[in-house]
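Residue numbers (this note's numbering), protein chains in the order written: chain A, 1 to 298; chain B, 1001 to 1139.
Please keep in mind that the hints were generated in silico from the structure rather than gathered at the bench.
Accuracy of the hints is not assured; some may be wrong.
[Stated by the list, open to error] Quick partial rundown of chain A residues pointing at chain B, CB under 7 Å, derived from the structure:
#	residue
1	P28
2	R166
3	L169
4	A170
5	M173
6	Q174
7	A177
8	L181
9	R195
10	V196
11	D198
12	L217
Remember, it's a predicted structure, so these values are computed and weren't measured experimentally.
Positions of the beta carbon are idealized from the N, C-alpha and C atoms, including for glycine.
Take a look at the letters that make up each chain.
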Amino acid sequence: MSAAIETEGLGKRYRRQWALTDCTLSIPAGHVVGLVGPNGAGKTTLLSLAVGLLAPDAGTIEVLGGMPGAGPTQLARVGFLAQDSPVYAGLSVADHLKLGARLNPGWDEGLARGRVDRLDLDPGQKAGTLSGGQRAQLALTLAIAKRPELLILDEPVASLDPLARREFLADLMQAVAEQQLSVVLSSHLVADLERVCDYLIVLVGSRVRVAGPVDELLATHHLLSGPYRDPATLPGGLKVISASHTDVQTTLLVRTSGGILDPAWTVFQVGLEDLVLAYMSQATGRRRRDNHHLEVRK
Amino acid sequence: MYLVKCEVVVIEFHLDARSGVAPYRQLIHQVRHALRLGLLREGDQLPKVKDVVAGLAINPNTVLKAYRELEYEGLVAARPGIGTFVTGTLDGGPLAAHQPLRRDLARWLAKARRAGLDDESIEALFASTFRSASEEDIA
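The following block holds chain A by itself, in its conformation from the complex:
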């Protein structure tokens, strides 16, 4: 299967500030990819590069084997839903469908109408008067009805209430089941991603911290708890993601491809949320922990 997105040393700079640094990824097609990271991590920059709204300042990016935004064929293969589901406030729901039909060569009118019916949207209603959830659903309808091979969504559910969020994600997953669609969506809410994503990318401070299939990430990360131990004395093959110590106890989150054989450790499974948070604090709180570590060793 070809890659949905393939990048090599990709970078983007705004003036002197790098918003994305040395990003190398190979995301296979057929996944629902979650792109997580705090605000300002570079998520929107990466997605904008993938759809061709931005041009890279370093490295390369290929989407479905083509250059992002290069020509009508490439544009038709990729759907994009920008942050906050933008719609035209002055146009009606029916106008939006008409616009979608005119602008997209592969437009699926039956699918678009079917969705609008099922969602109980009034075709005559102006999009500006729709609720947040309805606006998001209208925008999703347009993005799905253009029949893309890859759908990219930037924070699609961030501004929705819990019910609208669940409905939106259920609809998105139904489209994935029916249309064999690859999806990349960004979010800073890990709980939302846990159900829908089978591939995860953690982006913090303009850099990719970890990326891979969710099953594999969960199987190779462990939480260890045991008597105090200097992480420097751990065997090779264990990569420490986060460490915290008291005078007598050490708690580590580690990545390893093998099992944990040392009987001194009690091994716990790690949830996706803890895993993501560990990578986030590794990226932002390193100095603080090092100080703490020094205190312990005194």
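Chain B: place on chain A using the hints.
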């Protein structure tokens, strides 16, 4: 071959986000549980992937993975374009074994209490023994 209940879907899935158990494992567990209780019988259809996905807002691959594993265990069979149907059973043996095992466990619990262990220590002891026993099974 006749199938009367071809379109009747018997069970509905649910997910416990806080359990820490992988969603596909939860689906497998619920099917096995329904089989054990006799709620699902041979010939019954499992919910369609797109209906599970729409109901729970989960990734279709999660459902497919659960169904594949159940198929591998010989409990269900997929018929392309129609759905996934129950072909095996999980009854008899295990249930009959419950009673004596429960009696043994109750005896052991009484012994642990006499030895002065409180509820928490008993749970911790059970959990750590269970874990090392399962690890030995794997190794």
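*With 7 Å as the cut and Cβ atoms as the points, is R166(A) at the interface with chain B?*
5 Å, holds
*Tell me if V196(A) is really an interface residue toward chain B, meaning its C-beta lies closer than 7 Å to one of theirs.*
Status holds, d = 5 Å.
*Any CB of chain B closer than 7 Å to the CB of L169(A)?*
4 Å, holds
*Is the hint on L181(A) kept, meaning its closest Cβ partner in chain B is under 7 Å away?*
It is violated, given that the least Cβ distance between L181(A) and chain B is near 10 Å, above 7 Å.
*May I ask you to test the interface hint for L217(A) with respect to chain B, counting a Cβ-Cβ separation under 7 Å as satisfied?*
12 Å, violated
_Satisfaction of the P28(A) interface hint, Cβ to chain B closer than 7 Å_ = 12 Å, violated
*Does M173(A) pass the interface hint, meaning its C-beta sits closer than 7 Å to a C-beta of chain B?*
4 Å, holds
*Let me know if the C-beta of R195(A) comes in closer than 7 Å to any C-beta of chain B, holds or violated.*
5 Å, holds
_Hint status (Cβ of A177(A) to nearest Cβ of chain B, threshold 7 Å)_ = 4 Å, holds
*Hint check: is the beta carbon of Q174(A) less than 7 Å from a beta carbon of chain B?*
5 Å, holds
*Close enough to count: is the Cβ of D198(A) nearer than 7 Å to one in chain B?*
5 Å, holds
*asked:* A170(A) was flagged as interface toward chain B. Is the shortest Cβ-Cβ separation under 7 Å?
replied: 4 Å, holds
When held up to the earlier numbered hints, the structure conflicts with 1, 8, 12 and fits the remainder.
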